[in-house]
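Asker: Single-letter residue listing:
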Amino acid sequence: ETGVTQTPRHLVMGMTNKKSLKCEQHLGHNAMYWYKQSAKKPLELMFVYSLEERVENNSVPSRFSPECPNSSHLFLHLHTLQPEDSALYLCASSRRERGAVYNEQFFGPGTRLTVL
Amino acid sequence: GNSVTQMEGPVTLSEEAFLTINCTYTATGYPSLFWYVQYPGEGLQLLLKATKADDKGSNKGFEATYRKETTSFHLEKGSVQVSDSAVYFCALSDNFGNEKLTFGTGTRLTIIP
Numbered sequence: 001e002t003g004v005t006q007t008p009r010h011l012v013m014g015m016t017n018k019k020s021l022k023c024e025q026h027l028g029h030n031a032m033y034w035y036k037q038s039a040k041k042p043l044e045l046m047f048v049y050s051l052e053e054r055v056e057n058n059s060v061p062s063r064f065s066p067e068c069p070n071s072s073h074l075f076l077h078l079h080t081l082q083p084e085d086s087a088l089y090l091c092a093s094s095r096r097e098r099g100a101v102y103n104e105q106f107f108g109p110g111t112r113l114t115v116l
Numbered sequence: 001g002n003s004v005t006q007m008e009g010p011v012t013l014s015e016e017a018f019l020t021i022n023c024t025y026t027a028t029g030y031p032s033l034f035w036y037v038q039y040p041g042e043g044l045q046l047l048l049k050a051t052k053a054d055d056k057g058s059n060k061g062f063e064a065t066y067r068k069e070t071t072s073f074h075l076e077k078g079s080v081q082v083s084d085s086a087v088y089f090c091a092l093s094d095n096f097g098n099e100k101l102t103f104g105t106g107t108r109l110t111i112i113p
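Going down the list, the protein sequences come from chains S and L. Here the working numbering is used: position 16 in the first sequence is 16, and no number is missing along the way. Here the working numbering is used: position 61 in the second sequence is 61, and no number is missing along the way.
These are computed hints drawn from the structure, not numbers from a lab. None of the values given here were measured: they were computed from a predicted structure. Take these hints with a grain of salt, some might be off.
Said to hold, decoys possible - Stretches of chain L that chain S covers, calculated by requiring three or more beta carbons in the stretch to come under 8 Å of a beta carbon on chain S:
#1 44-50
#2 101-107
Stated by the list, open to error - Using C-beta positions, here's what the derived DEER-type ranges look like:
#3 L116(S) <-> T51(L): 42 to 52 Å
#4 P10(L) <-> T5(S): 42 to 52 Å
#5 M15(S) <-> V82(L): 26 to 36 Å
#6 T51(L) <-> E56(S): 17 to 27 Å
Glycine residues also receive a C-beta, built at the ideal position from the N, C-alpha and C atoms.
Using the sequences and the hints, build the whole thing.
Answerer: Rendered as structure tokens:
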């Protein structure tokens, strides 16, 4: 248990559905991340939020829409997805401190998404 | 841009065997290097890290040394256990304050009794 929870753990949706993934961290962190993990590919960073402001968007298609209402919660809203979007979506959080070389990212267990 | 190349799996070893998982990287500047582990059904956990050349990271019997001259960060363990079965990811951070991690593709390790 890393202190980062994700719901649901599994999701099957059609291409016309709208769904949301939820991430919650109980660690007092101030930065949150969404990653996509596909088979035989490196983890891909999708979005970064620092102090509830989006600071990174790695050319992710607009059918993925993140939302960070506060420092403890992060959502990924999904609509009109494609079968190639099927993957494990991982959330992570960290405490950003100015001047630190690196602040460890803590990962949740992920949501296994299947798009039919 | 940054990139990480690690040994393709899967790797299957007998219990108590010696483990090496190779990792090499390409980066500008002086990155920090990491090994993450993902056990079945779980998210990634930081296993060990090294933030400058010649540093050795170690945890749970695993070790990796930051070799700038060969741009490598190979993971080793002298005697593996069944509980070490997992997927191992090598990663780097460019230390420019944005904490952007670049990951390798992962190596699945299976230890048989």
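Asker: Okay, M15(S) versus V82(L) on CB: inside 26 to 36 Å?
Answerer: About 41 Å separates the Cβ atoms of M15(S) and V82(L), which means 26 to 36 Å is violated.
Asker: Is 42 to 52 Å right for how far apart the beta carbons of L116(S) and T51(L) are?
Answerer: holds, 44 Å
Asker: Lying within 42 to 52 Å: is that true of the beta-carbon distance P10(L) to T5(S)?
Answerer: violated, 29 Å
Asker: Are at least 3 residues of the stretch 44-50 of chain L within less than 8 Å of chain S when you compare beta carbons?
Answerer: holds (count 4)
Asker: Given a hinted range of 17 to 27 Å, is it respected by the beta-carbon distance of T51(L) and E56(S)?
Answerer: Holds, since T51(L) and E56(S) (Cβ atoms, about 22 Å apart) stay within the stated range.
Asker: Can you take a look at whether the stretch 101-107 of chain L is actually covered by chain S? Rule is 3+ residues, C-beta closer than 8 Å.
Answerer: holds (count 6)
Checked against the numbered hints given earlier, the structure breaks hints 4, 5 and satisfies all the rest.
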